[in-house]
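Fit chain B to the supplied structure of chain A, relying on the hints for placement.
First to last, the protein sequences are chains A and B. If you use the working numbering, the first sequence corresponds to residues 51 to 727, in order. If you use the working numbering, the second sequence corresponds to residues 6 to 305, in order.
Possibly wrong hints are sitting among the right ones.
In silico DSS-like links for lysine-lysine, alpha-carbon gap of 27 Å or less [stated by the list, open to error]:
1. A:382 x A:596
2. A:725 x A:677
3. B:232 x B:289
4. A:654 x B:232
5. A:596 x A:514
6. A:654 x A:677
7. A:382 x A:605
8. B:289 x A:150
9. B:232 x A:677
The hints are simulated quantities; they were obtained by calculation from the structure and are not laboratory data. Small disclaimer: the values here were computed from a predicted structure and weren't measured.
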Amino acid sequence: MDSPAVSRYATLWLLVAQVMVALPVLEVLPIAVLPLLVLTLMWRALIWFGRGSWPSDLLRLLLVALSLVIIITSSGWQFSLELAVTFLVTGYALKMLEMKTRRDALVIAYIGFFVVGAGVIYSQSLMQALYQLLCLGVLVAAIHAMYSPASSASASFSIKGSLRFTGLILLQALPLTLALFIFVPRLGPLWAVPWPEGEAKTGLSDTMQPGDVARLSQSYQLAFRAQFTGSVPSARERYWRTLVLDQYDGEQWWQSDLIRLLNQFPGEIDDERDWQGRLPVIDGWWQVQPGQYNYEVLLEPNGRQWLPVLGMAAAAVPETTVVRTLRLEADKPVFERRLYQPAQQSVVAQTMTMPSWLLGLNKSLPDNGNAQSRMLAQQLFAESGWDPVTMGRRVMDYFNQEPFYYTLSPPLMEQNEVDQFLFVHRRGFCEHYASSFVFMMRSVGIPARIVTGYLGGEYLPEEKVIRVLQRDAHAWAEIWVEGQGWIRFDPTAAVAPERIELGIDDMIEQGGLLQGQIPLAYRLGQAGFFKSVRQGWERLEYRWQKSVVQYQQEKQQSFMKELFGTSSFYWQQIGVLGALLALFLLLFGVFALFQRPALNPHQKLWLRLERKLVARGFERQAGEGPKDFALRVNAENDALGAQLLSIVDLYIQSAYSGRGKVEKPLLDQLSKMIKQL
Amino acid sequence: MNSTLQNSLDALSGVIRGKDRELRLALCCMLARGHLLIEDLPGMGKTALALSLARLLGLEYQRIQFTSDLLPADILGVSIFDRASSEFQFKPGPVFSQLLLADEINRASPRTQSALLEAMEERQVTIEGQGRSLPEPFVVIATQNPLTQQGTFPLPESQMDRFLMCIPMGYPDTDSEKAILRGEAGRFLVSQLGQSVTPEAFLLMQQEVDNVHASDLLLDYVLRLLKATREEGYFAVGLSPRAGLALLQAARAWAYIEGRDYLIPEDIQAVFVPVATHRLTMQKQGISPGELLGRINAMA
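Chain A with its partners taken away, still in its complex shape:
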């Protein structure tokens, strides 16, 4: 039988669903495809309105060829996730132009579900999830409309009815969805999603060049969130460490890596354990001290390997390394949102001993350049009585007392940057202050390095969450003192204490120190009513990310452990899945049982008889009555037939006559005869 035609009503739902479903992924599609999509959509809409005709086979073929050419040429001949999504969405749109029967419409609706799934790759925010739920609803409503008999008659639109049905269906699916979400094991992806190169990496980079932080301060993107249990650091304590830059060539700062160090100090570094450690801690090149804060971080994907920690990294999280500079490094770049607990046991680390090569590295400067600064440093060091800590404070005082300004749009400094900054311009932001500070320290032989990371963040007290944006990026300095370890100095604090106390937003409010415009939406979000609404939403979003999106293998394991005690995780999972399966089978069975009318005793006996006869090679045809069947058997096998005839006689009397209805003796006799057969 041919599949019935799709009603106008169902088509309308499908069109609406298509637009809604495609919207979130539009931004990843190449621009060249968009006119094509709009064209097909409009064409289909015209057909809907009765103003257009279906494209001919040839035309459809041409459309497909055209879209293939557009897609492939705009992909740059490289396979990427975007290419796949583009294919999917384009196919989805084109298929509408040959949708005539319900079968086609079903295929289209199913493709719609896939496109919704594709949207999840690009955003897993709460807003997106709610929107996708809406899309699912519209798709289900479309399928309902395809089968709705009222709509097949004419254009009788019962949107309310469709919506009600959809709501009901989604509600019914909810328990199963939850069970699957909670219990189904998280398997690794079968194929890796190629991470787009280039601009997709956000946040601090491994080298520090002038302008990095200024550029980041324009970014309102979320960097990470941290949730605290117990005490929360005050604004001046929120130094989020990401990178430690200890290599300097006179222009740039960058961080050491193992290969470079092995070249720099041949024979002094034996193996990688001298530079990076994993749990359990080896050889005590770092010491662990009790700390104050217990928190976990939910890091946004950034394509980098650093993991921000408060203070100094102490304990390695699974799949991470603690580098000797006391920063936490992920084994692989972070391409998916990642949840980790850097200070599970509430500890901080410190480096109390330094091998000579490391001391040397943290004192090294180019031989020449910035002579003025070196002289100033010598002078200040003498004034502070050759004490490193006093020297640090003295330099801070110097920044504070001399007319230095904090600005995010400093003048361009080229050669002898430190001299230029300290003596000519005196305008700059954290990078300038930190690098000048470290330069002066090193020039007098104090081990010093630059630490980059984030400072501050917005605190949401209800959840005890600190939200840190890219614009909170910051740079500060550390010096190493025998017996005390690394001590943090933030020269920016000497110049612009508000940056530390209040965060970058208030800095901007107070003194127009930013070039460019702050987005209106962002400014609105900082004010009164909007602020509370926004913060409420941020809280919801955080919960969503933490408990739903981050419900991955580890969380699942710990949840299952809580539920079922501490036996093997895999057996638990198999057990739970088995139990679920059994439950569903049971439900299904019960359902099927209720669906089918119960067999009465006669029918049961008859079935037994039939089974016995099948074993003898006689099978009743579906349309055969009892008597005809017995006669047929009798015609082929006398002995069996005679027996069967008498049984059937008895059966007919007891089953059909209305007298032997529940007459037990008759039934018993029948049962006995069947047994003896």
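Same frame as chain A, but now just chain B:
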């Protein structure tokens, strides 16, 4: 097997050779208080069948040959002014009989057809505002030419429904036909048939048929059949509940002839094709009612 009826059937098969099943169905139809439609070409023994049945059961017999100019009054009767008594006197038409043979019913105009069909359903006729009951029992055996013949007015579906069964006579088998040709069987024997059942006894039998028991198990089977005609897409239009009742009643009569006072699936199957065929609208890729029987489980 009911012995009286068996004797009647034996006597019948002496007249109409090789048509045991058709004879039994015809008898069954009459026992179920139904009217019978015989669909076949002229000369297949339709009239002989009707005549024989009338004689056997001792029923008052009338015959109408339907033609295109037949009027309702020709069937129902007319009032004629009697000069002697200066009154209108009703001259009853052929419909006032116990067994009416309506020959070639589809040759008359629809108006005349419907006059008869109304009488069949109501078992009374209204003439000049006065209702007149028809005698009991009242059975119509109508014959119909296949519609491909010229000059026929097909009966509408709603009127086909008035007939409990519709059976084709079909050609006799070779042996039977040889017997007919040899003069051993045929219409001339009808006059030699004796009456084996009185009309009163026949009415009693009809009442006994009503009491034949149909168990739940059997009703489920009937329901499965009815449902299959409606839902499986085999037929354009399925069987109505009235058709279901007719099927059950016909099966009861069949079981009664078999000598049982309860129904078994075989009874249903025996009458299903003649009861259902003329009520179903076939579909191009559908199946015949006989094929349907083979597909629906008779037991569960």
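Evaluated hints:
no.: 1; hint: A:382 x A:596; result: 21 Å, holds
no.: 2; hint: A:725 x A:677; result: 19 Å, holds
no.: 3; hint: B:232 x B:289; result: 20 Å, holds
no.: 4; hint: A:654 x B:232; result: 24 Å, holds
no.: 5; hint: A:596 x A:514; result: 13 Å, holds
no.: 6; hint: A:654 x A:677; result: 17 Å, holds
no.: 7; hint: A:382 x A:605; result: 20 Å, holds
no.: 8; hint: B:289 x A:150; result: 24 Å, holds
no.: 9; hint: B:232 x A:677; result: 24 Å, holds
Violated hints are absent here; each numbered hint is respected by the structure.
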